[in-house]
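Got chain A; can you put chain B on it based on the hints?
Letter by letter, the chains look like this.
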Amino acid sequence: MDILNQLKSKFSEYVIETHSQCGDATLVIKKEGVIPLFSYLKTSPELDFNFLMDLTAVDYLGREGSRFEVVYHLYSLSKNHCLRVKVDVGEEDSSLDSVSSLWPAANWYEREVWDMFGIKFKGHPDLKRILMYEEFQGHPLRKDYPVNRRQPLVKPVPMN
Amino acid sequence: MKMLESATGFFTSRLQDAIGWARKYSIFQYPFVTACCGMEYMATAASHYDMDRFGAGLVRFSPRQSDVLFVVGTISQKMAPILKKIYDQICEPKWVVAFGVCTCTGGFYDNYATVMGIDTIIPVDVYIPGCPPRPENVLDGLMKLQEKIQRQKQEV
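Protein sequence lines, in the order shown, are assigned to chains A and B. Taking the numbering used here, the leading residue of the first sequence gets 1, the next gets one more, and so forth. Taking the numbering used here, the leading residue of the second sequence gets 1, the next gets one more, and so forth.
You can take every hint at face value.
If you want the ones that stay clear, here's a sample from chain B, every Cβ over 12 Å from chain A, calculated:
hint, residue
1, D17
2, S26
3, F28
4, A46
5, H48
6, G57
7, Q65
8, D67
9, V126
10, P129
11, G130
12, C131
13, N137
14, Q146
15, Q150
Straight line, CA to CA, 16 Å or less: simulated EDC-like cross-link-like pairs of lysine to aspartate or glutamate:
hint, chain 1, residue 1, chain 2, residue 2
16, A, K122, A, E32
17, A, K120, A, E69
18, B, K78, A, D115
19, A, K155, B, D119
Derived contacts from chain B toward chain A, CB cut-off under 8 Å, selection only:
hint, residue
20, Q77
21, K78
22, A80
23, P81
24, K84
25, Y112
26, T120
27, I121
In short, the hints are calculated from the structure, not lab data. Here a beta-carbon is modelled for each residue, glycine too, at the ideal position from N, C-alpha and C.
The shape of chain A in the complex, shown without the other chains (with noise of 0.2 Å):
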């Protein structure tokens, strides 16, 4: 909690709102706040998050505001706390600043989410796919990608 207020009182400017229900710290911030505040909660002695668990994205289609949320689970091995940091990311601009050169555990996750929601992250060394291949068109983990729509890379045999 004393995170929380430590963080909200320094990055003001970016901090959209936190709540920290049964332990689950969490900052929602917004997207220009990426690398000054993860720069600091990397490099600070005291908070020493040196473990980015993961880094995911969820797609709230037809959500007042921004429509995406990239979601980062930082664990400090030192300091044995945890900490969640939501970034608000709309449709029209639907990109924000990599962390890749804080964590490299980043570099897939980034690669994941891009494949998955079509979010870029500026400054990602390589941000091609990582789990749908090349030919796939649209992002299929988004709200609005067809549930329907199939993308074959080998042609059905058709039935004689």
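Chain B alone, transformed into the frame defined by chain A:
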């Protein structure tokens, strides 16, 4: 003349039977294992259930040296071209066994990533359903394949 014809017919059919018999007991498998069904496949191949009793004990990991393609596990759209290439590389005569529901029909996957049954890409001889199939079920499928090999016209 008539006797000669029936005699050659007799020998040809015996030759067909002999080749079929030889082929059905010398199955060289190529296990195309992609998912969890592989565990059940290994259980069947190991000594307890012992696939070697049916002459299918020698597993080859080159399509050039094998004649039965065991497709074991879910095939994704990304994997489909590789499966097709492996199938094309196997020399005739060749057979394909679809192991588990994912290869038979796509199973419970009905999404953008999964091939809805490998028979949409390559011809299949024997379907072994189950998620995963029991080893007894696999052996039953293998015996069905042997019957099929024995019955069919033997191209030499």
